[in-house]
Amino acid sequence: MNPAMTPVRRLLFWTLVAVLLLWVLLPIWLVAMGAFGGRAAVFQWPKSLLPASLSFDHMAAFLAVEGVANAFLNSVIAAAVTVVLSVALGAPAGYALARYAFRGADAFKLLVLLTRAFPLAILALPLAVGFIRIGLYDSPFGVALMHTVLALPFAVLVTQSLFMGIPRELEEAAWVFGCSPVQAFFRVVMPLALPGLAATAIFAFVISWNEVFAASVLTVRERTLTAYLLAVLSESPLHTRFAGGLLLILPSVLFVFAVRKWLFTVWGISGR
Amino acid sequence: MKRRSLLAAGAGLLAAPGFARAQSGDVVFLSTQLRPVEEATRLRNAILRPAPVQSTFVTEEPQNLTVRMRAEAQAGRRTVSLVGALHGELQPLAADSLDALDDVAAQLADRGIPQNLLELGKLGTGQQRYIPWMQATYIMAAHRRALEFLPAGADINALSYDQLRAWAAAIQQRTNQRRLGFPAGPRGLMARFFQGYLYPSYTGGVVRTFRSAEAEQGWAALKATWAHVAPASTTYNFMQEPLMAGEVWIAFDHVARLMDALRAAPGDYVTFPAPAGPMGRGYMPVIAGLGIARGAPNRAGAAQLIEYLSRPATQLRLAAETGFFPVVRAELPADLPPAVRLAASAIGATQSARDAKVSLLPVGLGDKGGEFNKVYMDSFQRIVLRNENIRTVLDAEAANLRAVMNATAAPCWSPDAASDGACPVA
Amino acid sequence: MAPKPWVPYLLIAPAVLFLGALFLLPLVQTLVLSLQGEGGLSFANYARMLGDLNFADALRNTFLLTLVVVPVQIALALLMATMIARIGAGRDLVLWVWVIPLAISDLAAGLAWLAILQSTGYLNSVLFALGLLDGPTPWLTQETPVVLFIGIALAEIWRATAIVLVILVAGMQLIPKEFGEAAEVFGASPWQRFRRVTLPLLKPSIQSALILRTVLAFEVFAVVYALGGRNFPVLVGEAYVWQGENQNTGVAAAYAALIMLISMLATFVYLRVLRTPREQMA
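Residue numbers (full-length UniProt numbering), protein chains in the order written: chain B, 1 to 272; chain D, 1 to 426; chain U, 1 to 282.
Just chain B, same shape as in the assembly (with noise of 0.2 Å):
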């Protein structure tokens, strides 16, 4: 806590933080609200903020419905695989990006980044058809490929500014002391990284597990959860869509929650 804050202005600042904290949970609150409330509590007018009823049965006959749990394991599958892959391929090219100019570094970045900028609906078919031919269709790992496209810019650039922020003389230092630019890496730049790498690493798994359209069109019995759901909820009653709604949410703060160990030791390190 800054002590040079007056009372007045810690007031202030708790209120903006409490309002910014409102702002994100309100809203997952009322789909949680829609969830657990039924058909009933969807219709309701005037609304309240707090449940009529609750009742666990919408939630409960979501989850048994048949392939949820398969649906689950695939995405968890796609996403591993494209944390490993997109910070395999991503982090050596940030590197080559904050540490040397080189002919062709923007063309290389403007490349990386049309993979966002292309709407995926549009590459949907000619990738399908490609991962039939090779055998990588209705799999996971299909669909993991698919995801380390859509998850790479974000691995390059976000260990390219992590690199970047990394002093160059620290390496150097290094060298001197008579380490191989290797050595130097893993001894010196990779323990600065590794939090940033780990928020990569993060990125890589939520763009994975929220993807939709890709998996959808690349599977038809191994579908990822939110495949499962997209092609279970886009036309079932409000009620069924908040629950499946939840319960994409719910493992989505779960995965943040386990991760915060991550994301805080990113802020950590600038205590020292």
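Since the hints were made in silico from the structure, they are not lab data. Hints may contain errors.
What the hints assert, rightly or not - Covered stretches of chain D, going by a simulated chain U footprint (3 or more residues, C-beta under 8 Å): (1) 150–163; (2) 363–373.
What the hints assert, rightly or not - Residues of chain U clear of chain B, computed beta-carbon distances all greater than 10 Å: (3) P14; (4) L41; (5) Y46; (6) A56; (7) F63; (8) P71; (9) A75; (10) R86; (11) Q142; (12) V146.
Claimed, not checked - Residues from chain D that keep clear of chain B, each with C-beta distances beyond 12 Å, as calculated: (13) T66; (14) R78; (15) R144; (16) P333; (17) A334; (18) A422.
Idealized CB from N, CA, C, for every residue including glycine.
Given the structure of chain B, go ahead and fit chains D and U onto it with the hints provided.
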């Protein structure tokens, strides 16, 4: 728990090359119909579980169906055996993704599937491409609260468009809310309202009469009615939701998209046929069919499943569970659930109306079906929502319609009078 | 160290090969498709796109949304990031909550805001309780375009500010604390410290965040679709409609090419305007 799921994920990865699952002997049944969780679950439990063939029922968004089937066809490797979809959704698949089913059709000759439906199932190719599976149509539903505002002398089972407008206007006047609703949202089926209801009712045609003086009248009437239509109509995909929410008191939609409301409170609603215009009471039956994917991994199983699904007993069961009605000869039993009975009564009233004017689904448009719908939806948007001059819009959109018809060379279908070549836009 | 010119190329090679196979190849196939007309090369698909009813609206809406949403997100995230720096106890909890939307899909975000903004939704319930409304009132229609726009912008800001926040927080942790302390010793006000120390040092992170968010904003679709349906056409939405409903891949590909072109230009501008000369980096 977390660690275990990660382990499981790892194991899954190691197994990645062998993704072909043990269940691959099942018939993979891909359907754009019965997608809502509850309906899919009913189909799986009540109908597919007791079937003679094991199957995996997978649902798919209509727009993904073509992408997937084409991709599988181009790559020459099939996952899907049986496809269930609407007539219009199966049409684009006819050329490269659906197997000829003349053998299956011959086997089912004694089921009493009407000849005209079987003909539709050929998708203009001369060979059977799908077997009709189930049918439905569009009806109107109103909350009982709306009945007191019904114009004097109006028979709810024989409404005219003018009476519908007066009814909606009366409701607006007394409740200060616009409570007539149409499914004009992005996933709503509004285009069918124009093709199967408004146009046939006002002009007696769909394509030939597109820019006729009668069409101009029809659009003007719709525009006048729209002043009393719930403004959120352009976001409604399924009218059951605004009905249940009480936002809308009178609604037009596909019967399956009203079922939830009817099921939730059958006592609250009345159902009745769509209104009539100067040329009659347009109505459009909707057909879903079952096709077998070309190169299906389990064609025999899929054929067996088609045979099972078109047994009269299965079809009646399906009607009771979902509100889609039989295409085979089968008497609806008296003990139908109340919601299904409500739906059936409106359908019956529509079919037996003296002024009924049947519109077929567009035939022979292939993958231009979407652009065909777009002509009507764009006209709607320009005339009703953007207030453009009706004549100008119809003349401009007629050019687009002509382009679609010429590109596909599709001959006219009922209610338009038959044509030799591509159906002309007069 | 002897400079080895091939090192950076070696480092980017895996990513380039990967993108070549999984992105460029299908991309080229698609672009070819957009230029295919009846009997050879033609711009017919592009002409069709330009002449389409919704084209002008979609273009305008996409730009408006990007112009409103991206700056607000950057500003809000900067505010949150600097606030985080001043929180002592409870910082972990606050950061966690603020980052939650990062993990929420646009599908779910659209639903959440639908619950709030639909005519019998929470917003109207509150307005009703305050006596400002006499009953359910639809906001998400084209008769109320301003509210519809604000609603969509709010939902986008809610959903995607967290990603900017994380990028900025990750960038801030690399700013040596001593810089700020030194500035404080010299009597700089918090605002001056922010302007003169934090902001310049954060430039690479801000550049990354801006580029990513802008490109993603041009791609906005699911939330818009969930809230406004057809009432608020955007470019990607039109591409989806042409691909899915209209079954016309050529026009869809033309839309896709246009979106890509716009994103490319925007990225190019950012790379130029926010260039950080390498020598300037520590």
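Verification of the hints:
1. For the region 150–163 of chain D, the stated coverage by chain U is not satisfied: 0 residues place a CB nearer than 8 Å to a CB of that chain, which falls below the threshold of 3.
2. Proximity of the region 363–373 of chain D to chain U, defined as three or more residues with a beta carbon under 8 Å from a beta carbon of that chain, is established by the 6 residues found.
3. For U:P14, the condition that its CB be more than 10 Å from all CB atoms of chain B is violated, with the nearest at approximately 5 Å.
4. The claim that U:L41 lies off the interface holds: its Cβ sits roughly 19 Å from the closest Cβ of chain B, which is beyond the 10 Å cut-off.
5. Its beta-carbon lying about 14 Å from the closest one in chain B, U:Y46 satisfies the requirement of being farther than 10 Å from that chain.
6. The beta carbon of U:A56 sits about 19 Å from the closest Cβ of chain B, which is more than 10 Å, so the claim that it is off the interface holds.
7. In this structure U:F63 is separated from chain B by more than 10 Å, as the shortest Cβ-Cβ distance comes to about 15 Å.
8. Every CB of chain B lies more than 10 Å from the CB of U:P71, the least distance being 18 Å, so the non-interface label holds.
9. With 10 Å as the threshold on Cβ separation, the claim that U:A75 sits away from chain B holds: the shortest Cβ distance comes to roughly 13 Å.
10. Once the 10 Å rule is applied to beta carbons, U:R86 is inconsistent with being away from chain B; the minimum gap is 5 Å.
11. With 10 Å as the threshold on Cβ separation, the claim that U:Q142 sits away from chain B holds: the shortest Cβ distance comes to roughly 22 Å.
12. With a minimum CB-CB distance of about 21 Å to chain B, U:V146 clears the 10 Å threshold, and the non-interface call stands.
13. Distance to chain B contradicts D:T66 as a non-interface residue, since its nearest Cβ pair spans about 9 Å, not more than 12 Å.
14. Listed as a non-interface residue, D:R78 fails to keep its Cβ farther than 12 Å from every Cβ of chain B; the least gap is roughly 9 Å.
15. No Cβ of chain B comes within 12 Å of the Cβ of D:R144; the nearest lies about 17 Å off, and the non-interface call holds.
16. The beta carbon of D:P333 sits about 27 Å from the closest Cβ of chain B, which is more than 12 Å, so the claim that it is off the interface holds.
17. Distance check for D:A334 against chain B: the nearest CB is about 29 Å away, which clears 12 Å, and the non-interface claim stands.
18. Every Cβ of chain B is farther than 12 Å from the Cβ of D:A422; the closest lies at roughly 28 Å, confirming the non-interface assignment.
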